[in-house]
Structure formats: C-alpha cells, structure tokens
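Fit the two chains together into the complex; they arrive one by one in their own frames, and the hints show the way.
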Amino acid sequence: KAGVTQTPRYLIKTRGQQVTLSCSPISGHRSVSWYQQTPGQGLQFLFEYFSETQRNKGNFPGRFSGRQFSNSRSEMNVSTLELGDSALYLCASSLADARWSYNEQFFGPGTRLTVL
Amino acid sequence: AQKITQTQPGMFVQEKEAVTLDCTYDTSDQSYGLFWYKQPSSGEMIFLIYQGSYDEQNATEGRYSLNFQKARKSANLVISASQLGDSAMYFCAMREGQGGGSQGNLIFGKGTKLSVKP
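Protein chains in written order, with my numbering: chain A, 189 to 304; chain B, 27 to 144.
Incorrect hints may appear among the rest.
Computed footprint of chain B on chain A; a stretch qualifies when at least three of its residues, placed anywhere within it, have a C-beta under 8 Å from a C-beta of chain B [unchecked claim]:
hint : segment
1    : 236-248
2    : 273-281
Listed next, the in silico DSSO-like pairs over lysine-lysine satisfying Cα-Cα at most 27 Å (straight line) [said to hold, decoys possible]:
hint : chain 1 : residue 1 : chain 2 : residue 2
3    : B       : Lys136    : A       : Lys245
4    : B       : Lys136    : B       : Lys29
5    : A       : Lys245    : B       : Lys29
No wet-lab data here; the hints were simulated from the structure. We treat Cβ as the ideally placed atom computed from N, Cα and C, and that holds for glycine.
Here chain B stands alone, though its shape is the one from the complex (with noise of 0.2 Å):
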C-alpha cells in the first residue's frame, strides 16, 4: 500500500487565486513528519513547509499554509494568491518515527503538477 497518496496528477488554478493540493499518508506510528516539497523544471528539490505529528496548529509559511487533519491522515498545501513562478510539480513527503525508532529516509508520493494561467 503507498505510504503517501497524491491523487491530484495535475491541476490548473488562475494566477492570484487559492489553491489546495491534496495528500492523504498512512503510518502507524504515532511520532512521524510531513514535508511538503516543489521542484520546478530545473529539477532541484525546494523545500516548503513541515507538519510534525504533534504539532497542534496548522504550519504556515508565507503564502503557503498546511491544512493537517490526523484523524483522517490528510497533509493538504493550500497556496494563495498563486504566482506565475509557482508552476511545478509539487510532493508531500513524509518521514516515520524519531530518534531510534525511525530509518530516516524520506517517503515521497507520487507529486502533482501545478499550472498556473496568467
């Protein structure tokens, strides 16, 4: 089963209008990471914004807000006012456990491809 769940291959959204990117993950534990990442056609990974399992507010950075509902294991990037420059794809990425219980490595889905219309 895939750990992380983008269902959204692309989406198209009008400059300066909101936009959310879907992603739902499935983990057991109870202490893990979620990253959300874009990389625009030069290839080069950009980091965005980072939810941890405990976090108890939603993480916001800039014009880039993560809508977090554990229960339903969902990590949604919401963009606003979406520029131009935002065309990419985009990955929620996620990474399980701390410390001595967790391999570390990163676990990314599938990515959404993200068009932004002038």
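Bound-form chain A, shown alone (with noise of 0.2 Å):
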C-alpha cells in the first residue's frame, strides 16, 4: 500500500507570492491534517480536514487556507509569502475521524518551503 505522498518536495520561492502544496493521502484514509514544523516553533497544527470539510484549524492568520477533494487528495495554499514561512509542511493522513484519541496518523515526507 503506498504511502502519504507530498508534491513538491522542495520549493523556492519569493516574499509575496502565493504557493500550493499537494497531499495525496493513504487510499482509503478519509482524514488529512497539515502541520507546519519550523526551528524555532516546533511542530503546529494548521488544519485537518475530513470528508471534504474543515473541521479543525490552528492557529494561522487567513494567509494559510486549504481544501480537500473527494478522493480525499488536500492541497493547502499560502498567500503572500513570508519570510517566516520557511518551514518543513507536512501532511498526515488516518483512515478515521481524527477526533478519536487513538487513530494513528501516518505522515508524508513533508514539503520543504524556503522564501527568499
């Protein structure tokens, strides 16, 4: 069974633009949730979506945004880039509703963003 898969893994971009990252789930896994890990935060949650519908968000300004589709494949988007959103994204994906407290989450191997 193939993995979490995250397109690209690497991307250069510049202050001021907009990017989006590709999240191709576990086949059968309904749920994706988006992480950004960077030195100095650590890893924080963004966004989980589940059955095409967001359902829980971090603590991110509007910038950051994404969607799911009905093959459960997620893209987040982040508009006019910072600086400080050079990090490591990853995507996780678990076969239920992440709200149960033991549901394991099997993560990609993340996009690394660096903006110049």
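Have a look at this one:
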C-alpha cells in the first residue's frame, strides 16, 4: 500500500508570492491534517480535513488555507508569502475521524518551502 | 504553558545499550492519547508507539516501550538495544479528548535528538 505522498518535495519562492502544496493520503484514508515545522516553533497544527470539510484549524493567519477533494487528496495554499513561512510542511492521513484519541496518523515526507 | 515537555534537547547512547527519552504532558482531559514519533534527517515522521490514557499496561512495540506514569503525567519512551539507525529526532505528542470533545490535532513537544555511538 502506498504511503502518504506530498508534492513538491522542495520549493523556493520569493516574498509576496503564493504557493500550493499537495498531499495524497493513503488509499481509503479520509482525514488529512497539515502541520508546519520550523526550528523555532517546532511542529504546529495548521488544519484538518475530513470528508472534504475543514473540521479544525490551528492558530495561523488567513493567508493559510486548504481544501480537500472528493478523492481525499488535499491541497494547502499560502498567499502573500513571508520569510517566516519557510518551513517543512507535513501532511498526515488517518483512516477515521481524527478526533478519536487512538487514531494513528501516517505522515508524508513533507514539502520543504524556502521563502527568499 | 507547554502541553508537552521534552526536557532533553539531545542525548547520546552507545550502540546496543538502552536509552530513555523523557516526556511530560499537561491536560485536564480524562481521555487522551500519547504518541511517539521518530523523524530521521529525511524529514518523514514515523509512528513508533501509542498509549491511551485508559490503558492499564504500558505499551510495547518491538524494541520500543512506553513507561506510562499517569499520576505523574509522564510518558517516557524506552528504546532497548540501540542501533545506529535509531539516530534521529524523537517527538512526543498528545491528542486530547475523544469523540466530540476532541479537536483531533496532535500537540507535539520540541523533540529530543538522539545520537547512537558505535
């Protein structure tokens, strides 16, 4: 069974640009969560989608948005990029509703975004 | 206040020895889950082990075991017989609540960098 895939793996953008990252969950998984990882802030939750609906959102500005398609693939978009958006963006998928405490999340390899 | 605290930024262990990575957590929920993930330099987060708040026995998965002390709110990861491939960042994480009471996201600690020496 294929794991979680994320594209692209590496991305370089300049300030003010916008970017779209893609995540394909494990087949059959309906929940997709996004996390941002930086050296200073560590791993922070961005949002979670379940069956095409955003169910939960972390404490990030509105420049960060996402969506999920009917095949469970998800995209996240960051508009008006800032230097501080440079990070590893990790996507995780799970079979069931992410609210259940035991719900193993499988992570993808991440997209490393550099903003110049 | 931090919900997940990992007090060891870095640790060294000799190959074939056991090592304990510390994790304490803070929650007022009765139902929660605790996770440990490994992140090699490649960046992918690899799930290692899970402990539910109602689980009476400590979780074990191969060379990994979780020393769960609920009253002290600690969930330390024990790796037995360390291998060179165990060198990585290790993150403790918590998911609070269950069902409708949970937001569902994982809350991560800052991580511990483990280096295994040959």
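Do the hints match the structure? See the list:
Beta-carbon proximity to chain B at under 8 Å applies to 4 residues in the segment 236-248 of chain A; the threshold of 3 is reached and the given coverage holds. Residue count for the segment 273-281 of chain A with a Cβ under 8 Å from a Cβ of chain B: 3. That meets the three needed, and the coverage hint holds. For the proposed pair lysine 136/B and lysine 245/A, the alpha carbon gap of about 21 Å is at most 27 Å, so the pair holds. Restraint check for lysine 136/B and lysine 29/B: satisfied, since their Cα atoms lie roughly 11 Å apart, inside the 27 Å limit.
Taken as a hint, the lysine 245/A and lysine 29/B pair is honoured in the structure, with Cα atoms around 18 Å apart against an allowance of 27 Å.
Comparing the model with each earlier hint shows no violations; every hint is respected.
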